[in-house]
Structures are given as C-alpha cells and as structure tokens.
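Colleague: These protein sequences, in sequence, are chains E and V. Take the first sequence: its position 94, counting from 1, is numbered 94 in the working numbering, and each next residue is one higher. To get the working numbering, take the position in the second sequence, counting from 1, and add 111.
Since the hints were made in silico from the structure, they are not lab data. Note that CB positions come from ideal geometry on N, CA and C, so glycine has one too. One should not assume that every hint holds.
As the list claims (entries may be wrong) - Pair by pair, the computed Cβ-Cβ distance ranges are: (1) E/80 to V/163: 42 to 52 Å; (2) E/54 to V/112: 14 to 24 Å; (3) E/98 to V/116: 18 to 28 Å; (4) V/133 to E/51: 33 to 43 Å; (5) V/177 to E/59: 21 to 31 Å; (6) E/96 to V/169: 15 to 25 Å.
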Amino acid sequence: KAGVTQTPRYLIKTRGQQVTLSCSPISGHRSVSWYQQTPGQGLQFLFEYFSETQRNKGNFPGRFSGRQFSNSRSEMNVSTLELGDSALYLCASSLTGRGYTFGSGTRLTVV
Amino acid sequence: ELKVEQNPLFLSMQEGKNYTIYCNYSTTSDRLYWYRQDPGKSLESLFVLLSNGAVKQEGRLMASLDTKARLSTLHITAAVHDLSATYFCAVVLDNNNDMRFGAGTRLTVKP
Numbered sequence: 001k002a003g004v005t006q007t008p009r010y011l012i013k014t015r016g017q018q019v020t021l022s023c024s025p026i027s028g029h030r031s032v033s034w035y036q037q038t039p040g041q042g043l044q045f046l047f048e049y050f051s052e053t054q055r056n057k058g059n060f061p062g063r064f065s066g067r068q069f070s071n072s073r074s075e076m077n078v079s080t081l082e083l084g085d086s087a088l089y090l091c092a093s094s095l096t097g098r099g100y101t102f103g104s105g106t107r108l109t110v111v
Numbered sequence: 112e113l114k115v116e117q118n119p120l121f122l123s124m125q126e127g128k129n130y131t132i133y134c135n136y137s138t139t140s141d142r143l144y145w146y147r148q149d150p151g152k153s154l155e156s157l158f159v160l161l162s163n164g165a166v167k168q169e170g171r172l173m174a175s176l177d178t179k180a181r182l183s184t185l186h187i188t189a190a191v192h193d194l195s196a197t198y199f200c201a202v203v204l205d206n207n208n209d210m211r212f213g214a215g216t217r218l219t220v221k222p
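Bound conformation, chain E alone:
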C-alpha cells in the first residue's frame, strides 16, 4: 500500500514569504500529525488533526497553522517566514494512534 506522501520534498523561500506543505496519509488513516526537526531543537510536535479537526497543538507561534480535508489530506502553512523556520517538516499518519508512519519530509530552507 502507498505510504505517507509529502510534497514538495525541497523548498527554498525568502524571509517574509509564506509556504504551504502537503501531506497525504496512508489510505484509511484519519489522524495526521506534523513535526518540525532542526539540529538545535530536535523533533518538536506542531499539531495533530483527526477528521478535519485539530485535536492537539504544540508550542509554536500562530504563524504555524494547518488544516485537514475530508479525504484526510493535510496541509500546514507557515506565514511570514523566518530564518529559524528552516527545518525538515515531517508528517505522520496513524489509524489508531498506536502506530505512526512518517513521510519522507519536506526540507524547507529560508534565505
């Protein structure tokens, strides 16, 4: 079966711009979580969506937002990009919340 698909794989943006990342979960999985990975802060939880509703949110500023569509695909948006937003953004899908499959990630570079 197809895994978790994240697009794009790589992205370069300029400070102040906004960006939208996409995540298509495994078919049938309704939970999608997003994580930011940086060398300095490690892996940090951004938010989790289930059936189009945000269930949990990490400690990130309001510039980071997300949504989930009726087909469970999820997008995350970062507005007014800062250099510190450069990171690998990972999404994970889950059927039951007891096992997570991660996508390949989107590597965002802000210049």
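Dock chain V against the given chain E, drawing on the hints supplied.
Modeller: Same frame as chain E, but now just chain V:
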C-alpha cells in the same frame, strides 16, 4: 510538562559488541515508541511498547518498557555497521496524541 531524556546522545561501538540506550520520561504514558533515522531520511518505526514489562525484539535490537520506573531501553546485540543511525524514543501522553521525542542517540558502529 512531559520531558523525554535519552542517553547517551552519542555512541561509538565496535562491531560485535553489545550496548544499551536509555530513555527516561517524566510523566505517565501509555505508549512508547522507538524510531530509527538515517542521515537525511525520515523516521522508521522500530517498536511500539504499550504496557509495563513489554519486550519486543527485531534482529539485533530489543526494546523494553518499565512504566513504573518511566524507563525504556533499547539493547543492541552484536552490533553491525548497518545499525549506524540515530535512534529516537518518543512518548505519548495518556489520552493524547502529542508525541514527544528524546534528543536522539547517534550510533556509529565501527569495524
């Protein structure tokens, strides 16, 4: 707040040797995960531990969970070069899908 601590953060091993990575967490949790990450890659799920005393083994890796001590271990037996990677433990708060990661253990297995 849930905190997850791994040690050691860096581990250099000779092939054929055994070693253990430790993961301590600060509050009660009903789920603990171990992941592997190769450089520039996403996270690969290794083990999901759901109950006190749970032990799971896959090849040269064995994970265990002691919920009373809030401790999980990942034991490596007779290490081989292919095990070189970064290993993360992650804990989910009870009744929550907010997964908190440890800082990771960068394992290097030398011939």
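Colleague: Each hint needs a verdict: does it hold in this structure or not?
Modeller: For each hint, the structure was consulted:
no.	hint	in the structure
1	E/80 to V/163: 42 to 52 Å	holds (46 Å)
2	E/54 to V/112: 14 to 24 Å	holds (20 Å)
3	E/98 to V/116: 18 to 28 Å	holds (23 Å)
4	V/133 to E/51: 33 to 43 Å	holds (37 Å)
5	V/177 to E/59: 21 to 31 Å	holds (28 Å)
6	E/96 to V/169: 15 to 25 Å	holds (20 Å)
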